[in-house]
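On the provided structure of chain F, position chain W as indicated by the hints.
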Amino acid sequence: MTIKKGLSYKEAIGEIEEILRQIENDEPDVDQLSEKVKRLSALVAWCRDKLHNTEEEIEKILKEIEKS
Amino acid sequence: MNERLSLSELNGSVKKVLATNFTAPVWVVGEISEITIHSNGHCYLTLIEKGDSEDRIVAQARATIWSYTFRMLRPYFETTTGQQLTDGIKVLLQVSVEFHELYGFSLNVRNIDPTYTLGDQARKRREIIQQLTDEGVITMNKELELPQVPQRIAVISSPSAAGYEDFMQQLTANSRGFHFYTCLFPAVMQGHLAEQSIVNALDRIYPYEQFFDLVVIIRGGGSQVDLSCFDNYKVAYHITQFPLPVLTGIGHEKDDSIVDLVAHTRLKTPTAVAEFILEGVANFEDHIQQLEQETLALVETQMEEKRDYLEELARVLSSLVRNQLANKRSDLIQLTWKFQQEIKLSLYGKRHHLDRKLQRLEHLTGHFFFVRNQKVLYVAKALTDSIFRGMVVQRQRLGDYLEKYSRLSDKQLAVERHRLEMAGQKATMSDPENILKKGFSITTFQGRRIEDPGFLKRGDTIKTYMAQGSMLSEVVEINQKDKNDN
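Chains F and W supply the protein sequences, listed in that same order.
For the first sequence, the positions run 1 to 68 when my numbering is used.
For the second sequence, the positions run 1001 to 1486 when my numbering is used.
The following block holds chain F by itself, in its conformation from the complex (with noise of 0.2 angstroms):
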């Protein structure tokens, strides 16, 4: 399950509030309801590795702002 770069955490807990509505409403079959839960867990643990951990990258452009 990829997450494509330069998601948002508005679009992540878009989309899983979307999956949720989703399974809540529409019932999926099993086989669809296992892609769904696997896609929302893989956007669950993006978003808490996002939180909780440092990205090299981000960390780059604040040096670069910060000597500016």
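Just so you know, the hints here were simulated from the structure itself, not pulled from any lab data.
Treat the numbers as computed from the prediction; the structure is a model and nothing was measured.
Watch out, some of these pointers could steer you wrong.
As the list claims (entries may be wrong) - Computed spacing ranges between beta-carbons, pair by pair: (1) W:E1209 <-> F:K5: 19 to 29 angstroms; (2) W:Q1130 <-> F:S68: 32 to 42 angstroms; (3) F:E11 <-> W:D1286: 13 to 23 angstroms.
Note that the Cβ used here is the ideal one computed from N, Cα and C, for glycine as well.
Frame of chain F, contents of chain W only:
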């Protein structure tokens, strides 16, 4: 023109006039344009009055607050107004008018009425708020959406401020272990330089609008009173126009400043700002966790329902299948029985039919064979009878011959021997050998004796036998004897 005064006489007389006319202190309104606090504790001021255009100074005077008075007036003013006694503010002072022959005109400050300054500030505030409202910008920053996760933060503060340290400490040492990206944009946070300094800091953040999630303006520590720069139109206007949400933690207990008013979210202290940000991030994480759990619970329920449904289906299906199988089996048994009956019946019929045919066939063949047999037997008997009869006749005839010949033989033999000798002589005479010896020859073609040359044609090879040998010759001419010549 005879009367000439010395300067000291003149100054002395001015002093007398002033003293006569200003026997009691008077209340005077002026703006502090300069303020110097001497090391001995005395305070020297320059008071001015501006014209309608604000740029033109229409009056100016020096004023002094002696250290004894200043020690009491200063805290009184600052605690009441919430700001420093500093340049740029309007004050209502009780002064005694003094004139010194050497130092000239000056005002000796006896008292101060902070409510005037407060009122003036309030008026100014009202005017600024009114202006921002009229321009339709006052709520613009508030209308910006706070990001889901404010993780990249531009901080405007004095680097040395205790408030900045509090903020950073609170943010980075958070118990949930969230990571933040902060960048300090240093600014002077008090005095008349603050206005431009804060505006400059905002201008420096502006190009990185896409990078940052929000801007934080914090101060704290040091003097708690000089906050007039936060009631500033220019700073406030810049904040309203800023594309990122601005959070303030300016740290004062009084009424909100205009900067607080126009900021997206106003918090009391830098620490409170950090807590606010942390709370936002924590809420986000809790929310996604909750969504995840909710989804998993929902999925579990759905799976259980599906499982139940499947089990129910399987139950129904198996009973259906069982019934169907039972039905089919009974059908099959019935069919088999029926089939067997049919076959039995049919076989019985066929056998009966066949039996009849066989009987007839046996009957027919029996008769046929009987007739044939009779015939054969009859013929055989006739044949044996005739053979037997023939054999009896022949044996009889043979016996007769044998008897006849044995009687004839001796007489006959002598005659026959003589006849044989005669025939031998005659045969020797007509032998071709003898004929050839007499000079005749025999001509053959293809092994056949030739008597008629008509059988030959020119070029045929003929063989001629003579008494002493034979020869081969080719036919050259054929002369056939005329048949009529015969």
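Verification of the hints:
At about 21 angstroms, the beta-carbon gap between E1209 (chain W) and K5 (chain F) stays in the expected band of 19 to 29 angstroms. For the hinted restraint 32 to 42 angstroms between Q1130 (chain W) and S68 (chain F), the CB-CB distance of approximately 38 angstroms keeps it satisfied. Checked against the given bound of 13 to 23 angstroms, the beta carbons of E11 (chain F) and D1286 (chain W), roughly 19 angstroms apart, stay inside it.
Hint compliance for this structure: no hint is broken.
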